[in-house]
Amino acid sequence: MSIIRLGILRGNLEIKQFIRQRESVVFTLAFPVILLFIFGSVFKNTIAPGVTFSQYFVAGMVASGLVNTGFQQLAISIPMSRDVGTLKRLRGTPMSPISYFIGKAIVVTAAMIFQVALLLGFGALLFGLHLPTSASLWLRFTWLILLGSACSTVLGIAFSSVPKSGRGASAVVSPIVIILQFLSGVFFVFSDLPKWMQDIAAVFPLKWLTQGMRSVFLPDSFAMKEAAHSWEIGKTLAILIIWLVVGTILSIRTFTWSDE
Amino acid sequence: MTSSTAAISVRGLRKSYAGREVVAGIDLEVFTGEIFAILGPNGAGKTTTVEILEGYRERDSGDVLVLEEDPAHPRSGERAWRNRIGIVLQSVNDAGDLTVSETVHHFSHYYTAAKDPDAVIGLVGLTDKASAKVATLSGGQRRRLDVALGIIGSPEILFLDEPTTGFDPEARRAFWELIRTLRDEGTTILLTTHYLDEAEALADRVAVINKGRVIEIATPELLGGRAEASATISWSENGAPQSAQSKNPTEFVLQLSARLGGEIADLRVSRPSLEDIYLRMIGEA
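If you read the protein sequences in the order shown, they are chains C and L.
Under numbering that gives the first Met the number 0, read the first sequence as residues 0 to 259, first letter to last.
Under numbering that gives the first Met the number 0, read the second sequence as residues 0 to 284, first letter to last.
Don't read these hints as lab results, they were simulated from the structure.
Take the hints with a grain of salt, since some may be wrong.
Claimed, not checked - Below 25 Å or equal to it, Euclidean Cα-Cα: the simulated PhoX-like pairs (lysine-lysine) are:
(1) L:114 / C:15
(2) L:132 / C:15
(3) C:163 / C:194
(4) L:114 / L:132
(5) C:15 / L:210
(6) C:234 / C:194
(7) C:43 / C:224
(8) L:114 / L:128
(9) C:234 / C:224
Pulled out of the complex, with its shape left as it was, chain C reads as follows (with noise of 0.2 Å):
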């Protein structure tokens, strides 16, 4: 059978297993919705005409769903899989490293797609959401969600080789997320923090995949209050391909099945 084939079976059961698991499908799926709650019922404020936080909010959930669901899920439970020997198991047949990358590509992309769901029917069913009305910001909204979570979903691979151990992985990865959704303006309107954090978050995919779906959930007047006073999206577009491309590259060279 081919390597995409057999990626697809991969996912197929990947989803399967992630839908068995009901921690892991209450935590990706519902937490962003209870922040969304927590975050919509204590900020009411405008931040800008006719743009509440919530609205801004949903923008930056939507983004940081991208990075929890790949990166984090997957860095923190491909090295509990190599320390249960799970990957050592695999490694033993036929199947090919890319057949498992597809199929971690393709959980990733369905868990995103149902998350995104929840999180815009309960933004726009509790806190005023306008969701896009021309085709060209859906067509836009779907390119940032499938390259977001393919970007994600190398980064998770190529980052599982740095936790020592499945046990520590968590306490490795959490931080990273959190700085990151903090610097690239998922919990602060981005223009807002200083100009430094704002340079440190430019070099990471968060920041893009943010402003992105801002470009999206808000009108195009608030373009003029980004830092760099536009969407700039051709800019988001080559960004987030030059991660994936740099994230493929590593996770294919770095990516260890067991830990001897």
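Using the hints provided, position chain L relative to the given structure of chain C.
What follows is chain L alone, placed relative to chain C:
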């Protein structure tokens, strides 16, 4: 049953970790269609040797051929080579959210000549558990699933690392029967174990390894000069226990009987067990 072509051949194999030589020059050949056991105490270098043969570890030096390919760099490509071997690892403990049937069916897609997954589940005796989640299996059942995943691809060589650890006696006998069936179907089997009775019951030939070296390779009956070893004769005379060693125990017993006038009290004649021989070989008796 066994032919003389080598499924595995190892010459001068060496491997060190942090300056400590774990495998210190191993030579061995496993013939096509035989069950070959590697016996040795913990830390003897068994697992390292086998993991080099399985392509999990790189060697420092020596020549290794498994199915005429170098496991570190198979000429026909890693996937093609792995398609021909099956590996049952010592400890795989995944979360087990899939069922037995889902797991075995999934693995069957990895191989070009996979067996029928349901038949394999039956072969390892898990038909009743086919729709049970892997997490709910007992240790022995999990092991049998590991074996199912090792043989699903109709491997030419099956590697088994300490396969019956944690089995109850009945499960072990059933497992041995399964391994013999596979051998009879033509599968070459390389087994590591520290159970001597397992090596004796299953193996066509045994290699005893200690401190990274092969001490001896022989059939279980001939290992350590077992066939020619002295027998121990013990008996009671006037209520006191007596014992003697003899190369000709029949002769000895006949003379003893003549001297004691017929019946010998508490007579026992024993050959050294494989365990006695083995412990002597690894220098612990």
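A quick look at each hint next to the structure:
1. L:114 / C:15: This hinted pair holds, its Cα atoms lying about 24 Å apart.
2. L:132 / C:15: Holds, at about 12 Å.
3. C:163 / C:194: Between residue 163 (chain C) and residue 194 (chain C) the Cα gap is close to 34 Å, so the pair fails against 25 Å, i.e. violated.
4. L:114 / L:132: Given pair residue 114 (chain L), residue 132 (chain L) holds - Cα atoms ~22 Å apart, limit 25 Å.
5. C:15 / L:210: At roughly 46 Å apart (the allowed maximum being 25 Å), residue 210 (chain L) and residue 15 (chain C) break the hint.
6. C:234 / C:194: With a Cα-Cα distance of about 19 Å, the restraint between residue 234 (chain C) and residue 194 (chain C) holds, given a limit of 25 Å.
7. C:43 / C:224: Cα-Cα ~19 Å, so holds.
8. L:114 / L:128: 19 Å, holds
9. C:234 / C:224: 17 Å, holds
When each numbered hint is compared with the structure, violations occur for hints 3, 5.
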